[in-house]
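Peer 1: Given only the sequences and the hints, what does the whole structure look like? Please build it.
Sequential numbering from 276 applies to the sequence shown in our numbering.
Quick caveat, the hints were computed from the structure, so don't treat them as lab data. Mixed in with the good hints there might be a few duds.
Claimed, not checked - Straight-line distance between alpha carbons at most 25 Å, and here's what the computed SDA-like set of lysine to any residue pairs gives: (1) K351 x N289; (2) K334 x V345; (3) K351 x A339; (4) K351 x V309; (5) K335 x P286; (6) K308 x L282; (7) K324 x D356; (8) K351 x E292; (9) K348 x L302; (10) K300 x Y322; (11) K324 x K335.
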Amino acid sequence: MQISIELTLTPLQNDFEEHIIRFIKCLRASDFKVLENPLSTQIYGEYDKLMTFLTQEIKKAFGAMDHVLVHMKMVKSNRSDYEPFF
Numbered sequence: 276m277q278i279s280i281e282l283t284l285t286p287l288q289n290d291f292e293e294h295i296i297r298f299i300k301c302l303r304a305s306d307f308k309v310l311e312n313p314l315s316t317q318i319y320g321e322y323d324k325l326m327t328f329l330t331q332e333i334k335k336a337f338g339a340m341d342h343v344l345v346h347m348k349m350v351k352s353n354r355s356d357y358e359p360f361f
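Peer 2: This is how it looks when you write it as structure tokens:
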């Protein structure tokens, strides 16, 4: 089953930028399709593989910070080719 996930990593500490950059670079280095915008990062792929990968990467990010928030939205389908029709 294909899924689309939108992620926003929000470190709740002063040195937030380095943590966000590290997290996004890990996503980019994966075999999954990754799209970015200024507010969030989207990642697309097969459910089991993507969720296993994200569980590991989020755990690493949590281990590197004292206080952090991850906001995630998930859709059942690969929406990476979405084009607005209006």
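Peer 1: Has the given pair, K334 with V345, been kept, meaning a C-alpha gap of at most 25 Å?
Peer 2: Holds, at about 11 Å.
Peer 1: Next pair to validate is K308 with L282; report whether the Cα-Cα distance is within 25 Å.
Peer 2: Within the cut-off at roughly 13 Å; holds.
Peer 1: Taking only the CA atoms, is the gap from K351 to V309 under or equal to 25 Å?
Peer 2: holds (16 Å)
Peer 1: Is it true that the CA of K324 sits at most 25 Å from the CA of D356?
Peer 2: Holds - the C-alpha atoms of D356 and K324 are around 20 Å apart, at most 25 Å.
Peer 1: Quick one, are K351 and E292 close enough, alpha carbons at most 25 Å?
Peer 2: Since the Cα atoms of K351 and E292 sit roughly 30 Å apart, the hinted pair is violated (cutoff 25 Å).
Peer 1: Would you check the hint for K335 and P286, treating anything up to 25 Å between C-alpha atoms as holding?
Peer 2: holds (13 Å)
Peer 1: Can you confirm whether the C-alpha distance between K300 and Y322 stays at or below 25 Å?
Peer 2: holds (21 Å)
Peer 1: Can you confirm whether the C-alpha distance between K324 and K335 stays at or below 25 Å?
Peer 2: This hinted pair holds, its Cα atoms lying about 17 Å apart.
Peer 1: Quickly compare the C-alpha distance for K348 and L302 to 25 Å and report which way the hint goes.
Peer 2: Status holds; Cα separation ~16 Å.
Peer 1: Holds or violated: are the alpha carbons of K351 and N289 at most 25 Å from each other?
Peer 2: violated (35 Å)
Peer 1: Is K351 within 25 Å of A339, Cα to Cα?
Peer 2: Distance ~30 Å between K351 and A339 Cα, so the pair is violated.
Hints 1, 3, 8, counting from the list given before, are not met by this structure.
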